[in-house]
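Participant: Below, each chain spelled out in residue letters.
There are 4 protein chains.
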Amino acid sequence: MKRKLKVAVIGCGFMGRTHTNAHRQVANFFDVGIEPVLEVACATDADRAQAFADKWGFTSGSGDWREVMGRDDIDLVDICVPNNLHAEMAIAAAEAGKMILCEKPLAMDVAEGRKMVDAVEKAGVANLVSFNYRRVPAVTLAKQLIDQGKLGKIFHYRAQFLQDWTISTEVPQGGTATWRLDSAAAGSGVTGDLLAHCIDTAMWQNGPITRANAMTETFVKERVHADTGETQPVGIDDACTFFCRFENGSLGNFESTRYARGHKAKYTFEINGEHASIRWDLHDLHRLEWSDHRDDEEVRGWRSIHVTDAGGEHPYMDHWWVPGLQIGYAESFVHQLADFLGAIEEGKPCSPSFRDALQTQKVCAAVLESAAEDRWVDVPAD
Amino acid sequence: MKRKLKVAVIGCGFMGRTHTNAHRQVANFFDVGIEPVLEVACATDADRAQAFADKWGFTSGSGDWREVMGRDDIDLVDICVPNNLHAEMAIAAAEAGKMILCEKPLAMDVAEGRKMVDAVEKAGVANLVSFNYRRVPAVTLAKQLIDQGKLGKIFHYRAQFLQDWTISTEVPQGGTATWRLDSAAAGSGVTGDLLAHCIDTAMWQNGPITRANAMTETFVKERVHADTGETQPVGIDDACTFFCRFENGSLGNFESTRYARGHKAKYTFEINGEHASIRWDLHDLHRLEWSDHRDDEEVRGWRSIHVTDAGGEHPYMDHWWVPGLQIGYAESFVHQLADFLGAIEEGKPCSPSFRDALQTQKVCAAVLESAAEDRWVDVPAD
Amino acid sequence: MKRKLKVAVIGCGFMGRTHTNAHRQVANFFDVGIEPVLEVACATDADRAQAFADKWGFTSGSGDWREVMGRDDIDLVDICVPNNLHAEMAIAAAEAGKMILCEKPLAMDVAEGRKMVDAVEKAGVANLVSFNYRRVPAVTLAKQLIDQGKLGKIFHYRAQFLQDWTISTEVPQGGTATWRLDSAAAGSGVTGDLLAHCIDTAMWQNGPITRANAMTETFVKERVHADTGETQPVGIDDACTFFCRFENGSLGNFESTRYARGHKAKYTFEINGEHASIRWDLHDLHRLEWSDHRDDEEVRGWRSIHVTDAGGEHPYMDHWWVPGLQIGYAESFVHQLADFLGAIEEGKPCSPSFRDALQTQKVCAAVLESAAEDRWVDVPAD
Amino acid sequence: MKRKLKVAVIGCGFMGRTHTNAHRQVANFFDVGIEPVLEVACATDADRAQAFADKWGFTSGSGDWREVMGRDDIDLVDICVPNNLHAEMAIAAAEAGKMILCEKPLAMDVAEGRKMVDAVEKAGVANLVSFNYRRVPAVTLAKQLIDQGKLGKIFHYRAQFLQDWTISTEVPQGGTATWRLDSAAAGSGVTGDLLAHCIDTAMWQNGPITRANAMTETFVKERVHADTGETQPVGIDDACTFFCRFENGSLGNFESTRYARGHKAKYTFEINGEHASIRWDLHDLHRLEWSDHRDDEEVRGWRSIHVTDAGGEHPYMDHWWVPGLQIGYAESFVHQLADFLGAIEEGKPCSPSFRDALQTQKVCAAVLESAAEDRWVDVPAD
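Heads up: the sequence lines are chains D, F, Z and W, in that order.
Using the working numbering, the first residue of the first sequence is number 321, and each one after it goes up by one.
Using the working numbering, the first residue of the second sequence is number 321, and each one after it goes up by one.
Using the working numbering, the first residue of the third sequence is number 321, and each one after it goes up by one.
Using the working numbering, the first residue of the fourth sequence is number 321, and each one after it goes up by one.
Please note that a few of the clues may not be correct.
One copy or two, either will do: identical chains are not told apart, so a pair holds if it fits within one copy or between any two.
To be verified - Lysine to any residue pairs mimicking SDA-like chemistry, simulated, CA-CA at most 20 Å apart:
(1) 326 - 375
(2) 375 - 659
(3) 435 - 505
(4) 584 - 620
(5) 586 - 599
(6) 586 - 334
(7) 541 - 551
(8) 473 - 537
(9) 326 - 377
(10) 584 - 642
(11) 442 - 668
What the hints contain is simulated information worked out from the structure, not anything from laboratory work.
No experiment lies behind these values; they were computed from the predicted model shown.
Given the sequences, and given the hints that come with them, work out the whole structure.
Facilitator: So, in structure tokens, the structure goes:
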């Protein structure tokens, strides 16, 4: 008989849906000893929470997240709200002894992030930040190849996250759908929203970033607020480019923008090592490109690995279908949850923990500071 | 309050999983007035059925499909078993007044198929055959573009379904995992298993096939049976190539094999029209390639459409995530079920019905007959 | 001091240019002991011949090919005229003891081809037919990999040659620019013009084709003649699909059409062997795709080999630039000439000889006969 | 009767070959009123010069470039030697009243470059620097699309030039084959050799770069000298990344390295505008990728334009073959020469002139200074 874990999902938007779907699917595809039970869905608007609860099969909906934190029957709090609410909720959850799964980025800034880390570590509760792209099978395979030493010494790490949805000056900021453009809710623009993913993956694969040098731009200077209709200055970064040094001596080049016409969510990375190189592209997320210099030169070339083999060769894929059949974006959240539940079952930490995510927050902070001050900025190691 | 539809899934293998997952997901993503309830999972082995039922949340498991058919509370029978059992089960279900979702191909042969069509039409029960690839968004988009007349007169239709999993002579035939290689269970080889998909999609998009000329080959002549360990002759076609004529005057070229090293499940089609052409590849199922001669020549070229827009432009995608984020193979079954439930709700037929699938069965039969007799064979229109 | 070879180029159109360019470039890039000298350019229209001669640096131009054949100082006759003139010119050249380079296809039909073979063999003159695509480095590399046994037993050979330039009914037939659409000048349509290339490459790589089964179509039934302005029936095949058997047991699937919207000159082939597969596409002619099942499964995938390495690993490429820098279409003619000159120097035959090309002619004839008679047709071995 | 232009090619290495080939081919493919005559090939080693002259059909070879400059019959000096010799030779040529085609980068540094500009402008001689990639048809097409305003306001310009040929510590520096690794001969590493190309193309397409911020690295600190066998410190930059501002408000991100395993000569750029985006890759140089937001969303996607149309739609391609048939790297030098000769004929300047190339030199200098001093550096406008 499986141990049941009663879950409260806070936030019923895009991320609320991806997390809830994972809670519903995980036990069908992964043999974990702990099974999530959808107990309560929570949103500011109680009706919206109830409708969400009905659609997804939660026991109930609630318009009061503080009340939910206080309930003894809730085991896990899953925070899927805008960034400016992460700290308050996570700290309350930790203090209530709940396990916590929190959407990325960890916090609005490093100071908030530190408090969150302190809270979960003091409470000793299981914690994980949802940098889900780590658990796309091709990305996980890349990490495995690096850890096996197949690339040798690494020279270069490059990542881009390119979008084009905010080019029109008609797009508002703030509100439910466009809070990511409102610095009050999001903290920063592409840096916290998109580069945070790139940085998390990069440091996981290639070790700590020690210093960074950045340039940012805000192309559209004013936008109407979605709720108030008032024209306001835009406080976020529309685009951010930075280069950096990793502790292992390799060079990093990162860029994100929401003004790259033709790209919907083009997160790519490329890693160049002494012996081999790797490329990946979220737009074809089930593929990993691999170039190995040790291949016979006659037939040497970039391989397009269709990461769908189901016999154990490709991470996570033995849980799904048969070779050649893809999974999608949503499954990365199922993998994340399976790993988290497995770690909870074994009483071990799961990465990226709040502490891991704090390090990503520090890099983001260094990047923004560098851009503001036109100079290299060091990233503190702890 | 939604109408509940009690479902019996017969068969707990690969297809049992894809169908069950669709039953579990459909109401979370689609607003249909009818909601499936997982009532009973059925397999020859009652323990296996029970384990499957437990894993996926069915009310119960059963080792006796006939008993299930007799239950008054079952509304929909979902047949996910080897081909040789389709007819008997479907006819029994029809006679018991159940709605039926049946895996493809419809039957072992045309005669069986006709009986199945007669049974469901006589009983007046909702019926659908699971040619799921029609409901991959990029494939559905291709159909829409054709129906809008954007290709103009069509000259060519080409499809291939290439695999490589049976090249080793060590692969057995028969049994649970390899029944597709056993002519007694599968009826035919690549023709019924893979080309049936290609033919279904082709006739849906491009109209009836009227005559065909085929060549087949069985590369490995004998295999060990998975259950008995006895070496037996192989009765299936390992490879099949055919060309054909469509009623609209276009030429078809179809090929399938399980001896195409390097291809896992490479189902591709290409359609060449007077004004534009379309290509698709299951290995990158979220993309559609489009070439439009009416574009300015200076910038004319094949477009790679990432069929993930969520604002209504791309079929089904408004039900999932945000632009740029892929879905996978499994979602095609969710779409299929959503459409079937919607049709049931409206009291309308849903395609491909048993009758539609019978036409595909006739093409398969003509192909096999042509290969056996080395001559063109006509496909009867009804 | 290099031996000089005085060359007469007959025909000053598209092929006259590719061949003349090769004569001009070969000694700059290849160390062959024989150097071509551009002696005379010949065309029906003497002024056109003279203008061509001036542009390309021939000693003179001529409007009388028979006179050219009679000149003692001409060593090599290079035939670049429409198909219906090949036999007469080649036989005259052979009788005059000239070496012969002849454009493809060899002849209008097998009977003509046999006479041409007889003529060159009787005269004992060096002879080569210009199936230039064999000498695209990636195609030559494919041949090498097959000959090394890297594919193991071959199961499938597929080739397509797709174009779209004759879809408009306004395109005339006959005349200088569109003689390929006039059966009187071309003999056949896509079969002789395009499939002949595919068949030549296929038999070179994979051995003899023994029997074929074909379907052809002429989509536009009447066209205006370019010279006379009269509307005439179209006598050529606009599209041709055939499947076939190779002597080695593998299955072939070939298709060509000029009605594949969006394709300019898309000649592709794919070869599936027991251990590995190969793909190639003329539209990216410097790349070869390679999938090797013996690679570790974790990183197994199709490799895109950029066939531009200059250290001897990639055929012909040590004669050009540095790794990564492409050559184009024209260089395949330079390679062909370098090989022919090398063979002449060594007194050896060079393939595809007239005799080799006759075998391709026989396959084309079998294909056309099969399509006309709706049945399999055997290809005579000699 | 065409005007003849007597050419001296100085340097018989890789670039000597590409330039000489262009001189030989230009009049066969382009109707320019001036025809180059290969008069003298020059190299430090007179025997090598003579062998080169014999192979390529120069009237003579010479081991003394100063003597060549003094010859009255030489009209055009084509400088194809290491960077440290450009200034001295070009200034001598200018003073002798010769027209000059000079390999890139213009000079070792800005000071040298200024002297060269002064010399050619004072002498009033035709001058061009060989940034040949501008004349790859796909790159030229990109420029045309930008100039037509099809991209609208430009937000981002990204370029990379990635190689992997110096990863081994065994590669020497200096000498004939590896002078590019020797700072004494090359001036800088990837910045002058590779990024200079990217910067030239970028400013041609997108206007002036006003300031830059860079990071460089030298991964291998010591190498053996190819001539002396002595181990010496490496003085060049192995890798360089910089971001920058363009005068038009767009952001630039540039990177080059010779430590990107798997890349031979991967020069790519991407330009993101308000309405459309462009991508290009030297490894498939005949293709341009184009994404236009004004396309119907249903069929919107990146187009792969095969820039081989011969009817005038694609730059330069009406001079070569038929649609679908590629040209290669070498043809970019033919185009450059055709344009230069055409400009000479018309008495107009041709870009990139020495003055244009000086601006690229200034950006390179700013980049290197920025990397050395860890700060933003402005690029002087003149």
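Participant: For each hint, tell me whether it holds in the structure or not.
Facilitator: Outcome of the hint check:
1. For the identical chains of this complex, residue 326 and residue 375 are neighbours both inside a copy (18 Å) and across copies (18 Å), given an alpha-carbon limit of 20 Å.
2. With identical chains, the CA atoms of residue 375 and residue 659 are at most 20 Å apart between copies only, with a shortest distance of 18 Å across copies and 26 Å within one.
3. Taking identical chains as interchangeable, the C-alpha atoms of residue 435 and residue 505 lie at most 20 Å apart only when both belong to the same chain, with a minimum of 18 Å there against 56 Å between chains.
4. In this assembly of identical chains, residue 584 and residue 620 lie within 20 Å of each other by CA distance solely across copies; the values are 12 Å between and 32 Å within a copy.
5. Taking the closest pair of Cα atoms, residue 586 and residue 599 come within 20 Å of each other both inside a single copy (13 Å) and across two copies (14 Å).
6. Taking the shortest alpha-carbon separations for residue 586 and residue 334, only the intra-copy value of 18 Å comes in at or below 20 Å, while the best inter-copy value is 32 Å.
7. In the homo-oligomer, the alpha carbons of residue 541 and residue 551 lie at most 20 Å apart inside one protomer (10 Å), although the nearest pairing across protomers, at 55 Å, exceeds that limit.
8. Only between protomers do residue 473 and residue 537 lie at most 20 Å apart by alpha-carbon distance; the minimum there is 15 Å, versus 34 Å within a single protomer.
9. Taking the shortest alpha-carbon separations for residue 326 and residue 377, both the intra-copy value of 13 Å and the inter-copy value of 17 Å come in at or below 20 Å.
10. For the identical chains of this complex, residue 584 and residue 642 are inter-copy neighbours only, at 9 Å across copies versus 28 Å inside a copy, given an alpha-carbon limit of 20 Å.
11. Within a single copy, residue 442 and residue 668 get their C-alpha atoms as close as 16 Å, which meets the 20 Å cut-off; across copies the closest is 60 Å, which misses it.
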